[in-house]
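Under UniProt numbering, the sequence shown has 50 at position 50, and the numbering climbs by one with no breaks.
Simulated from the structure, these hints should not be mistaken for laboratory data. Please read all numbers here as calculations on a predicted model, not as lab measurements. Possibly wrong hints are sitting among the right ones.
The list that follows gives simulated cross-link-like pairs (lysine to aspartate or glutamate, DMTMM-like), each with its CA atoms no further than 25 Å apart [to be verified]:
#1 Lys174 to Asp199
#2 Lys68 to Asp39
#3 Lys113 to Asp23
#4 Lys542 to Asp437
#5 Lys541 to Glu506
#6 Lys542 to Glu338
#7 Lys133 to Asp114
#8 Lys183 to Asp199
#9 Lys151 to Asp233
#10 Lys421 to Asp175
#11 Lys68 to Glu109
#12 Lys421 to Asp199
#13 Lys496 to Glu506
#14 Lys542 to Asp450
#15 Lys496 to Asp437
#16 Lys533 to Asp514
#17 Lys157 to Asp175
#18 Lys151 to Asp284
#19 Lys183 to Glu49
#20 Lys533 to Asp439
#21 Lys368 to Glu387
#22 Lys68 to Asp168
#23 Lys157 to Asp142
#24 Lys113 to Asp466
#25 Lys68 to Glu34
Label-pair restraints from in silico Cβ distances [unchecked claim]:
#26 Arg12 to Glu475: 36 to 44 Å
#27 Ile239 to Gly42: 44 to 52 Å
#28 Ile239 to Pro154: 38 to 46 Å
#29 Ala529 to Asp180: 51 to 59 Å
#30 Arg106 to Arg35: 17 to 25 Å
Virtual Cβ for every residue (Gly too), placed ideally from N, Cα, C.
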Amino acid sequence: MLTEAASIAQGRAINPAPKRIPDLLDHAASLFPERVAVDFLGRTWRYGEIATMVERAARGLYARGLRKGDRFALCLPNTPYYVILYFAALKLGAVVVNLNPLYTERELEHLIKDSGARMVALPDIAAIHNKVKPVALAHGVDTLVMCPMGKILPAFKALGWAMFKRRDHARFAKDGLHIDFCKLVAKAPALPEIAVSPDDLAVLQYTGGTTGVPKGAMLSHANLTANAAQMLDHLGHDIGTPERILGVLPMFHVFALTTVLNFAIEIAAEIVLLPRFELSQMLDTMRRKPPTIIFGVPTIWVAMINGIPKGQAPDLSHLTACVSGGAPLPLEVREEFEALTGAVLTEGYGLTEASPIITCNPIDGLIKTNSCGQPFPATQIEIRNPEKPEEIMPLGEKGEVCARGPQVMMGYWQRPEDTAKTFTQGALRTGDIGYLDGDGYLFLVDRIKDVILCGGFNVYPRIIEDAAYLHPAVEEAIAIGIPDQYRGQAPKLFVKLHASTQVTPEELKSFLLDHVSKIEVPKEIEIRASLPKTLVGKLSKKELVEEERLKREGASKS
């Protein structure tokens with residue numbers, strides 16, 4: 001419903017009851033203990049088994065000293081370990097801190113230090129352990145929960161892991177810092193009564209916001225379960241109907257955390273987990289276990305379009321919903337995907353600070369070109385004047401997109417000033433420019449933030465710039481986002497070199513490979529004699545953004 005003459009749109013009125021996240025699993029396991037909860041590369045765990053493992057893991061973590069309010073970092077790819085340890089930590093009232101296993105040691109250090117994590121869970125993979133251990137020792141982490149990959153693989157894959165991947169195995173001492181997951185869950189005393197409220201902090205989800213310095217968005221149990229309930233209402237699914245959700249998005253990302261995990265458990269769905277996105281593996285999995293619901297990002301749809309020969313797309317006739325998020329969905333990608341698969345692809349929009357979804361196109365209704373849909377149930381979207389945020393813009397006029405709803409975060413971890421700046425009259429400021437039409441559809445026009453949306457992940461220009469400055473030849477650096485057909489956006493780095501120094505773009509890119517994550521490595525590097533500055537001498541991005549826009553407009557016309 002749209003408020004007349006003002007840019008305010010409201011989603012369907014529902015009142016999701018505040019819940020604790022572990023209650024979702026307990027409810028599903030009590031109703032469907034024999035229903036498959038997780039399929040990991042062909043090996044399955046039922047809801048009753050997962051609930052039992054969660055209880056045992058919670059006991060083990062409690063015996064190691066994890067208490068309510070303590071931060072527990074999960075540095076894990078998509079595996080059953082993530083599911084089990086996520087629910088186990090939350091059962092104790094601890095706070096989950098999501099870490100991307102592909103982060104560099106420098107990036108991991110900031111998040112572990114800022115969150116004050118006491119424990120970290122990670123796979124027994126040497127490349128990850130070698131980054132995490134020194135950070136843990138430097139910043140007061142008292143436990144590393146080592147999760148053996150060979151123990152969760154199907155028998156034939158486990159044999160291959162043991163025989164041919166020995167070099168990849170992490171070697172760790174049997175000391176006070178490390179504990180094997182299998183030992184953690186072996187035997188521990190029963191838990192005492194632990195009072196966990198829906199209003200308690202559940203997850204610290206780090207986001208860069210406008211500054212590029214990652215901040216922890218505080219998401220409560222109520223925030224996250226509300227977003228799952230909103231998705232349930234939006235899709236119109238029922239816990240009694242067996243659903244199968246493709247789990248290719250990484251659960252350390254908030255979009256997947258809500259859709260692939262929390263929502264899936266809410267409806268007692270089968271989660272078909274893949275450890276990473278690999279097109280051939282994903283297609284084989286879709287043929288083996290046809291999904292009824294897929295959540296993805298544009299990168300996945302583009303890979304399918306480019307990688308599947310005509311007439312060889314997997315059978316998606318079982319699909320009841322296919323939802324895209326994480327980055328803008330180009331119209332041509334949606335049209336080509338639908339022509340290839342016969343499925344209807346709908347786009348949603350959100351941000352970490354809103355758990356994350358605030359709008360989505362209808363599954364069975366009108367999808368408007370270039371719109372990211374209507375407000376989620378129990379959500380209000382407002383378009384405000386970016387210069388005077390207390391003012392609501394007239395209907396149809398552009399302004400800053402702001403949101404209200406039960407999914408909106410509690411604030412930023414230990415950053416009250418940033419929290420205050422991010423809210424106006426109780427509404428969350430997204431930092432995006434957009435407008436509403438008369439039917440309550442939201443159209444995004446531009447981004448206030450400089451964050452680069454790369455394949456569904458936030459890439460922060462400052463991280464790339466800081467890494468570039470580590471090279472002795474670099475005097476000044478500016479990173480911006482440029483359009484990328486595969487990932488939505490990709491980083492481009494502009495640099496000015498010190499006098500009498502030389503480095504080629506290829507050499508600089510090779511240097512950056514050791515200092516930033518793969519997704520943060522610039523697609524293009526341009527060396528210039530000077531970089532634009534403001535009148536007060538600050539480096540300015542806007543001229544470069546405009547140059548790139550004009551360059552691409554000219555290329556498209558020629």
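* Structure versus earlier hints - violations, ascending order -> Hints 1, 2, 3, 4, 6, 8, 9, 10, 15, 16, 17, 20, 21, 22, 23, 25, 26, 27, 28 and 30 not satisfied by this model.
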